[in-house]
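Please take these sequences and the hints and turn them into a complete structure.
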Amino acid sequence: MTEPVLTFTDRGIYCPAADVFIDPWRPVDRALITHGHADHARPGMGRYLATEAAAPVMRHRLGDITLDTVRYGKTLDLGGARVSFHPAGHVPGSAQIRVEVGGEVWVVSGDYKVEPDGLCEPFEPVRCHAFISECTFGLPVFRWQPQAQVAAEINDWWAANAREGKASLLGAYSLGKAQRLLAALDPSIGPILTHGAVEATNEVLRAQGLPLPDTIRVTPDLDPKAHPGALVVAPPSALGSRWARRFGPASTAHASGWMALRGVRRRRAADRGFVLSDHADWAGLNSAIAETGAERIFVTHGYTAIFRRWLSEQGYDAAVVETAYEGDEAESGAEETE
Amino acid sequence: MKRFAALFAALDQTTKTNAKVDALATYFREAPESDRLWTIALLSGRRPKRAVTTTLLRQWAAERAGIPLWLFEESYPIVGDLAETIALVLPEPARSLEFSLTEWITRIRALAGEDEAAKRAAIFEAWDGLGGRERFVFNKLITGGFRMGVSQKLTTRALSRATGIEEPELAHRLMGDWTPDATSWEGLIHAPDPRGDLFRPYPFYLAYQLEDGPESLGDPGDWAAEWKWDGIRGQLILRGAEHFLWSRGEELITDRFPEFQRLIGVVPEGTVLDGEVLAWENGAPMAFNALQKRIGRKTVPKKLLSEAPALLYAYDLLEWQGEDLRERPYEERRARLDALAETLPNDAPLRVSPLIAFETWDTLASERARSRDLMAEGVMLKRRDAPYRDGRRKGDWWKWKVDPLTIDAVMIYAQQGHGRRANLFTDFTFAVWDAGRLVPFTKAYSGLTDREFAQITAWVRRNTVERFGPVRSVTPEHVFEIAFEGIRESPRHKSGVALRFPRMSRWRHDKPVSEANTLDDLKAMLAAYG
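Chain order of the listed sequences is R and E. Numbering follows the UniProt record's numbering, in which position 11 of the first sequence is assigned residue number 11; successive positions increment by one, without gaps. Numbering follows the UniProt record's numbering, in which position 506 of the second sequence is assigned residue number 506; successive positions increment by one, without gaps.
What the hints contain is simulated information worked out from the structure, not anything from laboratory work. There may be inaccurate statements among the hints.
[Said to hold, decoys possible] Mimicking EDC-like on lysine to aspartate or glutamate, the simulated pairs with C-alpha atoms at most 20 Å apart in a straight line are:
{"no.": "1", "chain 1": "E", "residue 1": "K2", "chain 2": "R", "residue 2": "D156"}
{"no.": "2", "chain 1": "E", "residue 1": "K399", "chain 2": "E", "residue 2": "E377"}
{"no.": "3", "chain 1": "E", "residue 1": "K2", "chain 2": "R", "residue 2": "E153"}
Structure (structure tokens):
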């Protein structure tokens, strides 16, 4: 019996043929990274390999690392494996990683969403024999509305607050979600202010050519009154903190897939909850998996046990793999507060 | 139903009381009268009878969504609400049905007499014709359990704002067994009430927590002490051959405690008492769980009345023979209350909460240490020469609660929360050492901050040892201080003990697992306080 293309170890997903790990959670010599979120790109690896578009954010977050880059779709020969990176549609630069050994193809999804968001490289299905998929939102209760519809709801909320002279505080993860919102919203409604953590990522992404509207960084000496009707984009944990008090009686909202659940909306205690996720919804997961043509599916973070049973009933050879990925929407704990 | 669904959303998406009252008041001014009436009915728990079983609703929802029933059943506890789960799994509606709230309720009630096929057709029609939150509200109407985060107090405040009628009068009007069928908006809210304002309560005086020791209060001779009971603070009014019971939230709860009816004719008219409603057995208060069964029940079945009979443990007399005594000193009110107690028959559901005799603060402290034995939560201190004030004012009444019992325990199992906490690990099982093994003894769900819950969630994901359905065993690595209010023997638990109100009071980052407490420590607590 030949060795599997990928194995699951206590350090992460491992490819014996290439002697590399994918998104490892403990220090290893060589790491292939799907995207720059903290639970996938961790410090302490000997050498990193990621897409060209993911590199600037990784350097920004991980500092002085040894990082090689590759463009989407280009095949590299690593040891006995052929490796390539393909758009995952999750955040700018995010990739699925395709590994082929002796004609057998496995794909690691990283995090992904199937709806194009106008900012990051749209998701591309990759044919494979085995697919390692996240399933953060792997329940039939999660169903996203088109981005344009959610953006219109947020614009309406912002405009209504602006008319009342109130600031609009919007909580969104500072890498990916925040920029996706900036690109999708209507900057003619008012000025856009950003928390330092969001603006730091904006600068990195602007420098690599992503089209983002003008934003104003919130600094200690900024006078919020000088920017009436502003939209303030900040990490979710900053809402309700001392930092947010400077904006006075503002309206607050969160943008996350979890906002689909009334209970979570209520716990977050914001005025509004907009359902917008950088992960695939139920239909998206199912269509993405079907399009790979894979027979073997490994599910990682999310509602894994339930989703595995569903996939088995659909005729897949499905299994759960324990990983240390938290999903960037795993609420405030995974939230950076730089 | 758009207007009602919008009201529901407005109430649901804010935690600000004023915003809720505004939304309700606007609705009470603008909605059709029959819808207003039904809204008050729904807010006060008067919902239409369930016409379809939830078993059928689950089956039909799974069928309409094209998913197996088990998948629906797995999703439901994660969402935490049946009506919401159904609304979320169904496909987008094909058309839009426009009926008022009253019309929908009429349709739902008409289903009661139909056969299963007709019910199914009607439910599918509604699901296909309602989108988003209207579909959710429709599901709430068929499943019952309509909780909108609005207390009776808020309802009456909003109604008062919409109608200009005073709150106590409205609260009184909304009492009793009225139904939207048997009355009208005019009849319920505006028609003259022959009973006048006999029901009017006095505002409650609320005590502050004593943070420092009682020495800060000066001379012990200036103070009277009572036990602090763990019941429902209540104001009992006997006027004009009627009785009214108000809770501390100024909710009228007369109907829930019919035993006080017996005081009419026993206590003279024109009497108002302040005290604690307790479940009572063999001359002593029962544990709070007994009373809990009676809270929130509009009607009380006979069995419960005999299992958990209620009694008012009075500690203040606010009105006597129609005269307002609140400006008189506590000592004088208390003396009159004691005199009233002398006249009561033994079986009256009214007793006077005893005073605690003490000379020095030290003797009071040792009395306070006995609180648990008496089912009390600590002691109350009241200034002897103080009037009965209103609201929470510092100075004359203090509560001096006993500290909770605590034990340091090791987290061994974790389970994901549901509803509000669907994506976090919030339900934990804790263990203590016994001969080198960890023995589980309690679960706890609360006490951590949101940030701590998020931290422990990330940790649980990385440190899962084994899964048993939704439960994960985790590496025994974290010690938590568990605080609780009482301990009793329990043959049903492996450890042999059961705790009252266990919660995580502190995450002991400083303590290694080896230093957690032992089963012997728990047994010593059981011997001392059980």
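Here is how each hint holds up against the structure:
1. Straight-line distance between C-alpha atoms of K2/E and D156/R comes to about 19 Å, which keeps the hinted pair within the 20 Å bound.
2. For the proposed pair K399/E and E377/E, the alpha carbon gap of about 9 Å is at most 20 Å, so the pair holds.
3. Our distance criterion of 20 Å between C-alpha atoms is met by K2/E and E153/R, whose separation comes to about 18 Å.
Violated hints are absent here; each numbered hint is respected by the structure.
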